[in-house]
Amino acid sequence: SAVISQKPSRDICQRGTSLTIQCQVDSQVTMMFWYRQQPGQSLTLIATANQGSEATYESGFVIDKFPISRPNLTFSTLTVSNMSPEDSSIYLCSVWDRGMYEQYFGPGTRLTVT
Amino acid sequence: SQQGEEDPQALSIQEGENATMNCSYKTSINNLQWYRQNSGRGLVHLILIRSNEREKHSGRLRVTLDTSKKSSSLLITASRAADTASYFCATGRFGGTSGSARQLTFGSGTQLTVLP
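Chains as they are written, first to last, in the numbering used here: chain A, 1 to 114; chain B, 1 to 116.
The hints are simulated quantities; they were obtained by calculation from the structure and are not laboratory data.
From a predicted model like this one, the values you see are computed outputs, not experimental measurements.
Be aware that a few hints might be false.
[What the hints assert, rightly or not] Cross-link-like lysine to aspartate or glutamate pairs, in silico, DMTMM-like; alpha carbons within 20 Å at most:
#1 B:Lys56 - A:Glu86
#2 B:Lys69 - B:Glu17
#3 B:Lys26 - A:Glu58
#4 A:Lys65 - A:Glu86
#5 A:Lys65 - A:Glu54
#6 B:Lys70 - B:Glu55
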């Protein structure tokens with residue numbers, strides 16, 4: 001199993017600013033993912049965070065808007081840049097490794113942009 | 001419609017009744033998983049069914065998978081007020097590396113309310 005923590009748990013930010021969300025796992029994992037859940041909606045994959053190389057982004061998401069770091073096998077950050085109210089969402093970190101039966105999700109970061 | 005559509009969007013039942021939620025998907029899959037989310041919090045994994053399985057049980061949960069119809073159902077028996085949550089199906093992509101198979105595509109979700 002994997003225990004995932006995210007910081008901050010929630011934040012209210014001004015339009016035009018940036019917020020960096022941290023994801024910490026209690027064990028080394030091969031795969032780390034970032035998802036977005038807009039209000040009342042389902043989850044959408046933003047990108048796969050790759051250790052030692054650039055993240056792999058899904059269609060509709062770009063590095064300039066959502067830069068991601070993955071300095072080691074237990075930690076990743078997602079930055080939401082130049083925020084607008086449309087970025088108000090819950091952002092969830094997820095992990096998986098060989099030997100894990102399931103994919104584990106963090107508690108999420110609830111972001112409100114005013 | 002998107003990969004992983006679920007119905008109904010909302011379901012309200014009395015405690016003790018059974019709840020059935022359905023999920024349809026479009027592309028080939030390695031597996032299909034069901035998750036629960038309480039009040040906009042993190043997701044809790046409920047059950048995974050592989051593409052070569054037809055039915056799976058876990059406690060009060062029963063999941064079926066029909067790959068010919070590209071559909072799955074989640075049955076919660078003898079529901080409890082604590083089962084009130086949003087339920088999502090998620091499909092793992094077919095092919096690619098084992099890691100890419102873990103990039104999940106989520107359904108739209110069913111909001112289940114169990115009334116005491």
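Now for the hints, and whether the structure bears them out:
Restraint check: the Cα-Cα separation between B:Lys56 and A:Glu86 comes to about 39 Å, which exceeds 20 Å; the hinted pair is violated. Under the criterion of a C-alpha separation no larger than 20 Å, the hint pairing B:Lys69 with B:Glu17 is inconsistent with the structure, at around 27 Å. Taking the CA atoms of B:Lys26 and A:Glu58, the gap is near 18 Å; set against the 20 Å cutoff, the hint holds. Of the pairs offered as hints, the one joining A:Lys65 and A:Glu86 holds, with about 13 Å between alpha carbons and a cut-off of 20 Å not exceeded.
The straight-line distance between the Cα atoms of A:Lys65 and A:Glu54 is roughly 14 Å, inside the 20 Å bound, and the hint therefore holds. Between B:Lys70 and B:Glu55, the direct Cα distance comes to roughly 14 Å. Compliance with the 20 Å bound is thereby established for this hinted pair.
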